[in-house]
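There are 2 protein chains.
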Amino acid sequence: MTTLSVDLGDRSYPIHIGPGLLGRGELIRQRLRGNSALIVSNETVAPLYLARLRDALGDLRLQQLVLPDGEQYKTLDVLNRIYDKLLAERFDRRCTLLALGGGVIGDMVGFAAASYQRGVDFVQVPTTLLAQVDSSVGGKTAVNHPLGKNMIGAFHQPRCVIADTDSLASLPDRELRAGLAEVIKYGLIDDPAFFDWIEARLPALLARDAAALTEAIRRSCADKARIVADDERESGRRALLNLGHTFGHAIETASGYGNWLHGEAVAAGLCMAARLSARLGWLGDADCRRVEALIAAAGLPDRPPPQMDSETFLELMARDKKVQDGTLKLVLLDAIGGARISADYPADALRAQLDAETGAA
Amino acid sequence: MTTLSVDLGDRSYPIHIGPGLLGRGELIRQRLRGNSALIVSNETVAPLYLARLRDALGDLRLQQLVLPDGEQYKTLDVLNRIYDKLLAERFDRRCTLLALGGGVIGDMVGFAAASYQRGVDFVQVPTTLLAQVDSSVGGKTAVNHPLGKNMIGAFHQPRCVIADTDSLASLPDRELRAGLAEVIKYGLIDDPAFFDWIEARLPALLARDAAALTEAIRRSCADKARIVADDERESGRRALLNLGHTFGHAIETASGYGNWLHGEAVAAGLCMAARLSARLGWLGDADCRRVEALIAAAGLPDRPPPQMDSETFLELMARDKKVQDGTLKLVLLDAIGGARISADYPADALRAQLDAETGAA
Numbered sequence: 004m005t006t007l008s009v010d011l012g013d014r015s016y017p018i019h020i021g022p023g024l025l026g027r028g029e030l031i032r033q034r035l036r037g038n039s040a041l042i043v044s045n046e047t048v049a050p051l052y053l054a055r056l057r058d059a060l061g062d063l064r065l066q067q068l069v070l071p072d073g074e075q076y077k078t079l080d081v082l083n084r085i086y087d088k089l090l091a092e093r094f095d096r097r098c099t100l101l102a103l104g105g106g107v108i109g110d111m112v113g114f115a116a117a118s119y120q121r122g123v124d125f126v127q128v129p130t131t132l133l134a135q136v137d138s139s140v141g142g143k144t145a146v147n148h149p150l151g152k153n154m155i156g157a158f159h160q161p162r163c164v165i166a167d168t169d170s171l172a173s174l175p176d177r178e179l180r181a182g183l184a185e186v187i188k189y190g191l192i193d194d195p196a197f198f199d200w201i202e203a204r205l206p207a208l209l210a211r212d213a214a215a216l217t218e219a220i221r222r223s224c225a226d227k228a229r230i231v232a233d234d235e236r237e238s239g240r241r242a243l244l245n246l247g248h249t250f251g252h253a254i255e256t257a258s259g260y261g262n263w264l265h266g267e268a269v270a271a272g273l274c275m276a277a278r279l280s281a282r283l284g285w286l287g288d289a290d291c292r293r294v295e296a297l298i299a300a301a302g303l304p305d306r307p308p309p310q311m312d313s314e315t316f317l318e319l320m321a322r323d324k325k326v327q328d329g330t331l332k333l334v335l336l337d338a339i340g341g342a343r344i345s346a347d348y349p350a351d352a353l354r355a356q357l358d359a360e361t362g363a364a
Numbered sequence: 004m005t006t007l008s009v010d011l012g013d014r015s016y017p018i019h020i021g022p023g024l025l026g027r028g029e030l031i032r033q034r035l036r037g038n039s040a041l042i043v044s045n046e047t048v049a050p051l052y053l054a055r056l057r058d059a060l061g062d063l064r065l066q067q068l069v070l071p072d073g074e075q076y077k078t079l080d081v082l083n084r085i086y087d088k089l090l091a092e093r094f095d096r097r098c099t100l101l102a103l104g105g106g107v108i109g110d111m112v113g114f115a116a117a118s119y120q121r122g123v124d125f126v127q128v129p130t131t132l133l134a135q136v137d138s139s140v141g142g143k144t145a146v147n148h149p150l151g152k153n154m155i156g157a158f159h160q161p162r163c164v165i166a167d168t169d170s171l172a173s174l175p176d177r178e179l180r181a182g183l184a185e186v187i188k189y190g191l192i193d194d195p196a197f198f199d200w201i202e203a204r205l206p207a208l209l210a211r212d213a214a215a216l217t218e219a220i221r222r223s224c225a226d227k228a229r230i231v232a233d234d235e236r237e238s239g240r241r242a243l244l245n246l247g248h249t250f251g252h253a254i255e256t257a258s259g260y261g262n263w264l265h266g267e268a269v270a271a272g273l274c275m276a277a278r279l280s281a282r283l284g285w286l287g288d289a290d291c292r293r294v295e296a297l298i299a300a301a302g303l304p305d306r307p308p309p310q311m312d313s314e315t316f317l318e319l320m321a322r323d324k325k326v327q328d329g330t331l332k333l334v335l336l337d338a339i340g341g342a343r344i345s346a347d348y349p350a351d352a353l354r355a356q357l358d359a360e361t362g363a364a
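Chains A and B supply the protein sequences, listed in that same order. In terms of the numbering used here, the first sequence has 219 at position 216, counting the first letter as 1, and numbering is strictly consecutive. In terms of the numbering used here, the second sequence has 64 at position 61, counting the first letter as 1, and numbering is strictly consecutive.
FYI, nobody ran anything at the bench for these hints, they're computed from the structure. Predicted, not measured: the structure shown is a model, and the values here were computed from it. Among the hints, erroneous ones may be present.
Pairwise CB distance ranges (calculated) [claimed, not checked]:
{"no.": "1", "chain 1": "B", "residue 1": "S15", "chain 2": "A", "residue 2": "A300", "range": "18 to 28 Å"}
{"no.": "2", "chain 1": "A", "residue 1": "N262", "chain 2": "B", "residue 2": "E46", "range": "37 to 47 Å"}
{"no.": "3", "chain 1": "A", "residue 1": "Q310", "chain 2": "B", "residue 2": "L65", "range": "35 to 45 Å"}
{"no.": "4", "chain 1": "B", "residue 1": "D10", "chain 2": "A", "residue 2": "D13", "range": "44 to 54 Å"}
{"no.": "5", "chain 1": "B", "residue 1": "D87", "chain 2": "A", "residue 2": "R240", "range": "42 to 52 Å"}
{"no.": "6", "chain 1": "A", "residue 1": "D80", "chain 2": "B", "residue 2": "A91", "range": "16 to 26 Å"}
{"no.": "7", "chain 1": "B", "residue 1": "A91", "chain 2": "A", "residue 2": "S238", "range": "19 to 29 Å"}
{"no.": "8", "chain 1": "B", "residue 1": "R34", "chain 2": "A", "residue 2": "R354", "range": "51 to 61 Å"}
{"no.": "9", "chain 1": "B", "residue 1": "R34", "chain 2": "A", "residue 2": "A300", "range": "29 to 39 Å"}
{"no.": "10", "chain 1": "A", "residue 1": "A321", "chain 2": "B", "residue 2": "S15", "range": "54 to 64 Å"}
{"no.": "11", "chain 1": "B", "residue 1": "A210", "chain 2": "A", "residue 2": "D13", "range": "44 to 54 Å"}
{"no.": "12", "chain 1": "B", "residue 1": "R14", "chain 2": "A", "residue 2": "V81", "range": "27 to 37 Å"}
{"no.": "13", "chain 1": "A", "residue 1": "S345", "chain 2": "B", "residue 2": "D10", "range": "30 to 40 Å"}
{"no.": "14", "chain 1": "A", "residue 1": "R236", "chain 2": "B", "residue 2": "R64", "range": "22 to 32 Å"}
Under the rule of at most 25 Å between Cα atoms (straight-line distance), these lysine to any residue pairs were calculated in the SDA-like manner [unchecked claim]:
{"no.": "15", "chain 1": "B", "residue 1": "K325", "chain 2": "B", "residue 2": "L11"}
{"no.": "16", "chain 1": "A", "residue 1": "K332", "chain 2": "B", "residue 2": "S8"}
{"no.": "17", "chain 1": "B", "residue 1": "K332", "chain 2": "B", "residue 2": "M320"}
{"no.": "18", "chain 1": "A", "residue 1": "K88", "chain 2": "B", "residue 2": "S258"}
{"no.": "19", "chain 1": "A", "residue 1": "K325", "chain 2": "A", "residue 2": "P206"}
{"no.": "20", "chain 1": "A", "residue 1": "K332", "chain 2": "B", "residue 2": "S313"}
Just so you know, even glycine gets a beta-carbon here, dropped at the ideal spot from N, CA and C.
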């Protein structure tokens, strides 16, 4: 087992990564502040892992709630089912919510914890690669709104993150690939040696080599923990973690939540950010092609869906959380491993790039 | 104008109290961090005061949203209408929500601000006595759930509180009286001289004497600001502010939100807390009668609704936010001006008192 720490003063917490961790209930129990917990999972993950987690937790007062699986269920209505359960079972302020599943479960359960009785504890038990490398770490919680991804939420840090690498064995190939998009993102942001490593180890990652996956998770979490510790509430540098996400969120919203996986939309978004950066002359063409080649080799989409046009992109991107007084900040690339947050791009370059992406130019 | 401060480090903010403040837009403008704001009000308050506030704010980018009036609308569904408006009008993270109305508007708009894009600014512009003396100060935001009052929410401090005492002129008598319940509460918690003052000045308060009302608001806010500054997130002493509220929330939930005003339920709850304290021998009988007499003289209910029984009270109180690992803490009285938080009361005394209150004993 590898343990990292997210350093946030009295809200610091450990990330445990390794095989067999679902059976190590003491990792969770030692972080609880009360004696009751609600495990929230989904219909796909619960049959596989819920009993194992329950058994490992011993004699806590435990309840469970199983929700439907998919991004289209990350809504206020489904969130309300968590509140219903908590109140029907009389969970008090000292309870802990355990999020067992992928990014949708983690984000939604985290927001339920942030808002139930004005805030209770929660623990992330991510079972997908995407959740293990990205969404379970850093305290961003949210549900979607029909007009925008993750528009309703809170910053609320978990008490710990338990990433059992054994749970990746059951992950569909499509979801494994989607997780790799976020792994590649960390290399692109500020870790060029990690990008090189991903290029070299991609076949092993796709073949689910345990050592390669564990290293990818460890390094992704370490990169993310460092950025989050610097800027917990995204007043600056943390927005780098949104590389590819402004384009990606627009794709997810336009396509209908759940049709593109989040990681797939991010993959296309990373390529779009690279190509816009190349158009601006910030990123060399060869590096841009390296990004596209790695995304394609990972079996991920490198283009937006053909039915989207520039207007739709601009309309949805105008609602991005990085818009400030009418100006949209984008995360763009000066180099592989050299991302920056910028409002200093010409608006017509963005427009021209979107036209090129969507076949209008 | 009187100005108090809630001292919370970098989240400190002023409370301005006085006549004509709705016309003093600079008090709000100087606290804004962006150039856009959404005024949220209700169908009762908006026709009276929204235009005045709008005109005073000058050339901000302003939008408005008018919601139905009443505790029964403090729900996730109505909250969602605030998100809809914010997203449809593309409000970004630097926007400010302005809550113009009573406690329902303040609590709900505050929670919308806490959760929109993971947190934006808001300003409280309370127009009822209850909101001016209590709910607008301290950062507790929430909506109700069918199974419990204020069960979904966040701690989120406003940027400032603007209490225009002129707005009390339009307040129905019933709501003025409801506000006095919270004023009396501050005297009971830790300010016996204020309790004496309220007894002496009650006729002036009921006659809406401007100087008396302003003094009641100032002193209530000062008492509350002091307690909140000591314990922002209610890990201890802040729970004193819930005197009367455990009984009161049960009354509101059992009666159907909106049938009893919050202040009315708190008034009955204050009397129930006093009588239970007297039963325990903590509060003298003469002081208990003084509490009941002041509540009655203010035209407020001193008994729970006749249709409630002990079982209903115990069932609803078991979901109170002060329950910890199965034990309900109550705020009780050792004296007028001497409240304490206690789990040290005999359960059968609570049961016997509820039986006596509800006619079963």
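| message | Which constraints among the numbered hints does this structure fail? Numbers only, ascending. | response | Violated hints: 1, 4, 5, 8, 9, 10, 16, 19, 20; rest satisfied.
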